[in-house]
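Trainee: Residue numbers (my numbering), protein chains in the order written: chain A, 1 to 472; chain B, 1 to 338; chain C, 1 to 238.
There could be a bad hint or two in this list.
To be verified - The list that follows gives simulated cross-link-like pairs (lysine-lysine, DSSO-like), each with its CA atoms no further than 30 Å apart:
no., chain 1, residue 1, chain 2, residue 2
1, B, K119, B, K320
2, C, K22, B, K226
3, C, K40, C, K67
4, C, K202, B, K122
5, A, K434, C, K232
6, C, K232, A, K437
7, A, K124, C, K69
8, C, K22, C, K40
9, C, K79, C, K69
10, A, K222, A, K124
11, C, K202, C, K40
12, C, K67, C, K79
13, B, K142, C, K22
14, A, K471, A, K6
15, B, K55, C, K232
16, B, K55, B, K320
17, B, K232, B, K122
18, B, K142, C, K147
19, C, K69, C, K85
20, C, K67, C, K147
21, B, K142, C, K202
22, C, K202, B, K226
23, B, K232, A, K437
24, C, K147, A, K222
25, C, K232, C, K85
Don't read these hints as lab results, they were simulated from the structure.
This is what each chain is made of:
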Amino acid sequence: MSAVFKFADVQGNIVRGYRHKPRVRHLVLEIIDRIAARRWLAACASGGDDVPRITTGDWREVEPVTCFNIGLTYEGLRALGTPDSSLETFPIEFVEGMNARALKLGDVGESAPETWPAPFNDPKRIHIVATIYAHKIAQLNQVQHQALADGKALRLLGAPPDGCSFPHDLVHFGYRDNITQPRLEGVHEADRYADGQPRAPLGTVLLGYPTNFEGLMWRVPKLLGHNGTFNAFRVLKQDVAGFEAYLDTAAQDLLNQATVAELLPLGADAVGRGLSSHAALREVVAANMCGRWRRNGTPLALSPDTPNPSPAVHLTDFDYVGDSRCPYGAHIRRCNPRGGHIVQRVANNSRRLVRRGVPYGPPYDRAQHRDPNQAEPERGLLGNFIGASLGAQFEAMSCDWLNLGLQDPRITGSNDPIVGANDSLTGWFDLPLKSGKTIRLRGFPRFVQTRGGAYTFLPSLEAIRFLGSLKN
Amino acid sequence: MADSSEARRLVDAIIANLPDPTPGLRPVHTIGVGVDGYFMASDVARTYCIAEHFKGQRIKVSVRFSNGIGSPFQHDGWGDVRGMATRFHLPDGTATDLIATTLGEFFVRNVEDFFEFAKVAKLEPYGRRSPWLKIWDMLQLKLPPPRDPYPNETENVNAGALRYANGHRFAQLGVVQAAVIGAPVSYARASYHAVHTFIVTDPNGVRRPVRFSWQPVAGVRNTDTKVVPRDKYLREELEDRLQRWPARFMLMMTIGEAGDALDDPTQPWPAMRNRVVMGTLTLIKVAEDQAADGERISFNPCRLSPGIEASGDPILKARKGAYEVSREMRGGCPFRWS
Amino acid sequence: MPGDEGWFDRFVNGLQESDVFKRLASLVLVPFWAWRMPVKPLPGGPRPSTQPGDNLQCMMNLIMPLKIKSPIGRAEAAKAIAENKDAIFAGLNNVGTVHFARFVIVGDNICMFSVYDGDFTNYIRDFIATIGGVFNAVVELAEGGEKVIPCECHVEAFIEWVRARDLYQVPDTITDFLRDQEALNGDKAIPGNDDLSLLPRKLILQLRANANVSLGSGYRAYPGFSVAQVRKRLGIGW
């Protein structure tokens, strides 16, 4: 593959998904002593001294056994003694930190930073978020032990639960994740990974390269920015029991509506062999809220009536132009409207993100009998949303598209049905019918709560070496 | 019926703080005038609320305007909250009430707050502030200094209310607004707010939290504060006005969003909320039988018809019982609840 | 009782209303109290909120003092806008979230007043992408503007520069103004000890720190609807 940049200079988690390593651990670290921490960084970058080696994007022929990457918060850069001339050039959202940006991200009520458990309730002390990907838990432990062996450099503040991928890229709620990622110019060959979208300029995901906006470049932080990027790390708790219960209620309500036959134009069997109408409607509601059918990820844009169309359809080679029966308010359409008609005409394809998410917590089994007095175990997604500009990509998507729905007048005033800041009294979502009419769903609570997170900077290898070499 | 002992204590607490409590009369909003009129819903009202009076027919209405002060002595020109209580007489013989005042936000959140307020904001002597103290205020840029007392005003609760507001941030808006509320030139030239949140149900079963306000078509106008206030003019003004032409009010309904204070009457809703015109009220004449339509008539903020429900606002709930107790105490006209 | 007030009472009452006192107070008392109780300027723009109604039809009141404070400077600003009218209109159409916008010259300031939907940062950023050239032409004439142009190369700095010149919006309720001041001072003290009689002075001193302000959140005839919603309902395409 041709490349405008050296893969070896970029951290691996930016350009690779580490799909073959199902287990992940995120370590939230505080810098105790800056001299020792700098030594630690230098060693991680160059490989030596028995610390884990930072995984780059260049794997040559041999895939590393475990993958190790780091992200630094603004407080972390300060704690390392980064010169002010560099610190001043970091964007304001990164400087303020995720806790302070709660209103932009919809982190209110039970998702508010005031409710976040340790270590995310003390953001000033969060300096480094290190990720370890591996096959086995023993390997995670081993790398963690290696990373913290030098007790003088870093202190482990805490760690969210370990993540473990489910087979077939499934995540909690039953959807299939990881189907579409931006194909980058200069990284991915033009003909591989067809996804109906133009290739994303490198500046979507790396600082210092042209962005999707004509003529615009994000400011590259001095001394550290080139080939680096920003990451919004989020611990997202998912109320799977509540979601499944809502699907039951919604399906029941729909069965009582006159237009219900229009929702199953090919019959319940087309949705799933042997399914009752109620069960089929549950899947229809779930599919419409996301934009993809559960389990196999068939996009509604290509196959609105059945998850198993014949002939089969491509998972991601589609666009929202013309007669698309993917709801305007569906999750994947809100987050990435592709080439569809949106209010902010210049913003098509400009808020894309590389997403590295792994589920945590035990899978939910609807059939299993549960004790009503016992709380559900916590489950959710450890999300990493990577983009060269937090403000222009992650935040912009969160405040105007995910919540508020400003991009389309048919959804303005409503939030994303799956991850949005919803409220049972006022939330709504429109299900499109084949005839063009819609049925409005109401009464769904907030299904995803934020339980922690941080804005981190993912420096290039050269930048890490520079930080390791700081003197004062 | 709601906790009637608590309701009784509320009414007693109010009466305890009156300068001239007079049995047989309302403890507060004592002075008032009954007016006849009719209400016509707008063409969209029925799409938001299934209540009978929003269906579009002409609905007969009885309104009582009042001065907030609890005293049989009339002082129209004093700065005071005004009340506008409206009874919609529905075609099936029942009725529904909407009670509104010129004070947009209340000064306490719940009943416990109210009892504490009643203890702190007691009647205290109110005299003219010494000119030397006024100069001292001016030097501290506390402009303007507290107003001079009105003619014949010897005591009020201003100092106590201010003390309470200084100690409780939620009360500050209500107290500050009440302090500057002034006197309208006419009952028909003030806007009245129902303060509490109600939940209305539309024909599709969708429930929305809303707040109601009456907006005067003649516009809002207050008297000139530099002129000595007159004691008796509002009723005469209204009689005069209605002889020449009717007085109109628009019923505005603001729709709340998730995150707005639903159950807290001290919190206003932002001006950026969707406002729906629900209809027009036309007042034709001052009621002939003031004893029946001005005095014995009794309203209740929780007397609502199907399609409108009370929110969980604790003050709204408490008013239901308090108004009942007060009505019984003064021999007000009983009414059917349904 | 009125009527028994002495001549001194009447004099003092008249004094507070008189222009002489107000001018004297402005010259002497205001600077004195500003020195004794320093007040930080409050940030501009609408209050952050996650509620949809609060994020639609937001007001921007942008005041940019001109470098050349004379009719020549104003003529240059007028020329910059007039020459770029097509670009400005195309840009506003493409950003898609602006209800109304106008450029106004007041004194030696070039101002832009607009009503827009959604997040302020996104709105300005989308503008930079479509009419960056116009911004460069106008901001070049403004005091301090040379630091942030060309805006395409200083996107983040330009957005912050504009935000710093968007006026503080005094809340609709005066008590919310007190809360704004307290939030700015990081007033985490348990409330219970306020002094409402100081409200007039606090307002005066704040209006010294924020010389230009927007009074209230503004009036809207049809609040709560986005540009595209209005256009769609009216059947004119969006």
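Trainee: Indicate, hint by hint, whether the structure satisfies it.
Mentor: Structure-based check of each hint:
1. K119(B) x K320(B): 22 Å, holds
2. K22(C) x K226(B): 18 Å, holds
3. K40(C) x K67(C): Since the Cα atoms of K40(C) and K67(C) sit roughly 25 Å apart, the hinted pair holds (cutoff 30 Å).
4. K202(C) x K122(B): 28 Å, holds
5. K434(A) x K232(C): OK: K434(A) and K232(C) at ~21 Å, within 30 Å.
6. K232(C) x K437(A): With a Cα-Cα distance of about 16 Å, the restraint between K232(C) and K437(A) holds, given a limit of 30 Å.
7. K124(A) x K69(C): Outside the cut-off at roughly 45 Å; violated.
8. K22(C) x K40(C): Holds, because 23 Å separates the two Cα atoms, which is no more than 30 Å.
9. K79(C) x K69(C): 15 Å, holds
10. K222(A) x K124(A): Distance ~23 Å between K222(A) and K124(A) Cα, so the pair holds.
11. K202(C) x K40(C): 11 Å, holds
12. K67(C) x K79(C): 15 Å, holds
13. K142(B) x K22(C): 12 Å, holds
14. K471(A) x K6(A): Satisfied, since the Cα-Cα distance of roughly 27 Å is no more than 30 Å.
15. K55(B) x K232(C): 28 Å, holds
16. K55(B) x K320(B): Holds - the C-alpha atoms of K320(B) and K55(B) are around 26 Å apart, at most 30 Å.
17. K232(B) x K122(B): Given that 30 Å is the threshold and the Cα spacing comes to 26 Å, the pair holds.
18. K142(B) x K147(C): 42 Å, violated
19. K69(C) x K85(C): With Cα atoms ~23 Å apart, K69(C) and K85(C) stay inside 30 Å; holds.
20. K67(C) x K147(C): 13 Å, holds
21. K142(B) x K202(C): 9 Å, holds
22. K202(C) x K226(B): 25 Å, holds
23. K232(B) x K437(A): 61 Å, violated
24. K147(C) x K222(A): Cα-Cα ~17 Å, so holds.
25. K232(C) x K85(C): 25 Å, holds
The structure shown violates the earlier hints numbered 7, 18 and 23.
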